[in-house]
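Peer 1: Take a look at the letters that make up each chain.
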Amino acid sequence: MGKNVSALLAGLVFGLGLVIAEMVNPAKVLAFLDVSGHWDPSLAFVMGAALIVTALGYRIVWNMRQPVFANAFIVPQTREIDRRLAFGAVLFGIGWGLAGLCPGPAIAALSFGGAPAWVFLGAMSAGVAMFDLSPLAARRVQASSAV
Amino acid sequence: MTEFTPVSAAIGGALIGLSAVLLMALNGRIAGISGLFSGTFFSETGDRAWRGFFLIGLVAAPVIYTLFQGEPPTFEMTSSLPMIIVAGLLVGFGTRLGSGCTSGHGVCGMSRLSLRSMAAVALFMASGAITVALAKFAVGG
Numbered sequence: 189m190g191k192n193v194s195a196l197l198a199g200l201v202f203g204l205g206l207v208i209a210e211m212v213n214p215a216k217v218l219a220f221l222d223v224s225g226h227w228d229p230s231l232a233f234v235m236g237a238a239l240i241v242t243a244l245g246y247r248i249v250w251n252m253r254q255p256v257f258a259n260a261f262i263v264p265q266t267r268e269i270d271r272r273l274a275f276g277a278v279l280f281g282i283g284w285g286l287a288g289l290c291p292g293p294a295i296a297a298l299s300f301g302g303a304p305a306w307v308f309l310g311a312m313s314a315g316v317a318m319f320d321l322s323p324l325a326a327r328r329v330q331a332s333s334a335v
Numbered sequence: 123m124t125e126f127t128p129v130s131a132a133i134g135g136a137l138i139g140l141s142a143v144l145l146m147a148l149n150g151r152i153a154g155i156s157g158l159f160s161g162t163f164f165s166e167t168g169d170r171a172w173r174g175f176f177l178i179g180l181v182a183a184p185v186i187y188t189l190f191q192g193e194p195p196t197f198e199m200t201s202s203l204p205m206i207i208v209a210g211l212l213v214g215f216g217t218r219l220g221s222g223c224t225s226g227h228g229v230c231g232m233s234r235l236s237l238r239s240m241a242a243v244a245l246f247m248a249s250g251a252i253t254v255a256l257a258k259f260a261v262g263g
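Chains A and B are the protein sequences, given in the same order. Read in order, the letters of the first sequence correspond to residues 189 to 335 in the numbering used here. Read in order, the letters of the second sequence correspond to residues 123 to 263 in the numbering used here.
Any given hint might turn out to be false.
[Claimed, not checked] Only part of the chain B face toward chain A is listed, based on derived beta-carbon distances under 8 Å:
id: 1; residue: 127
id: 2; residue: 130
id: 3; residue: 133
id: 4; residue: 143
id: 5; residue: 151
id: 6; residue: 171
id: 7; residue: 176
id: 8; residue: 190
id: 9; residue: 196
id: 10; residue: 210
id: 11; residue: 216
id: 12; residue: 219
id: 13; residue: 249
id: 14; residue: 250
id: 15; residue: 261
Since the hints were made in silico from the structure, they are not lab data. Remember, predicted model here, so these are calculated numbers, not experimental data. Ideal Cβ positions, reconstructed from N, Cα and C, are used throughout, including at glycine.
Starting from the given sequences, assemble the full structure and let the hints guide the process.
Peer 2: Next comes the structure, spelled out in structure tokens:
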């Protein structure tokens, strides 16, 4: 119960952040990636502010004995920079550059992005399913453990 | 073309960071949207409900914003429908293969100085920028 309410709250705050930062506007994202044109560096400020708050906040939070609604902090432990990571990141970047949407904004835009947002999310879900239902997902090493 | 908006960008970014900190403090989890999305449907541990609630919040936030603001956020999509489909497939598959997206690697991973996440961010930023440059070139921009 607490876990669900807290996740709902975190999702609301995340979505509000995306809206205020205008990351939910594909044109804004593409203008950030368009370094050779009329470059709009706004998204670097989104990333910078998010990083500062998260870096400081995580340090404070990890001094707690455990999370409020869970037994342990679960953080990815994989350190390997392998081909999967590289290929995945490059493919994601190409898709990001083609439409100007990454997963968070794609989901947040459902209520106001109209058909393009729904089509993108449908295709994104298919892409996720293609991975998660493939042998690639099964070979995946257990990436998470306690801090 | 969009205007440079550093203040609203920083405020929005800080809220995204706050969300990541909240999810860690309360549930002990990183706020990686591609992982949360996939986990809502494909999690093997059955730990799906809270992930679903996060996604509901993510969808509901702009609705609440619109109620207060009187108009919805700007959404300007210039890509054609076939391009949107290809983009969505690549984003879905790529973020799963690469274990994260802008939030998981970009915010949560980089904030704990994960070299793996820094490599992922450098690669998807670079491939995104190259894609935009090539797309412009292709249409003669």
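Peer 1: Okay, which hints does this one fail, numbers in order?
Peer 2: Numbers 8, 15, in rising order.
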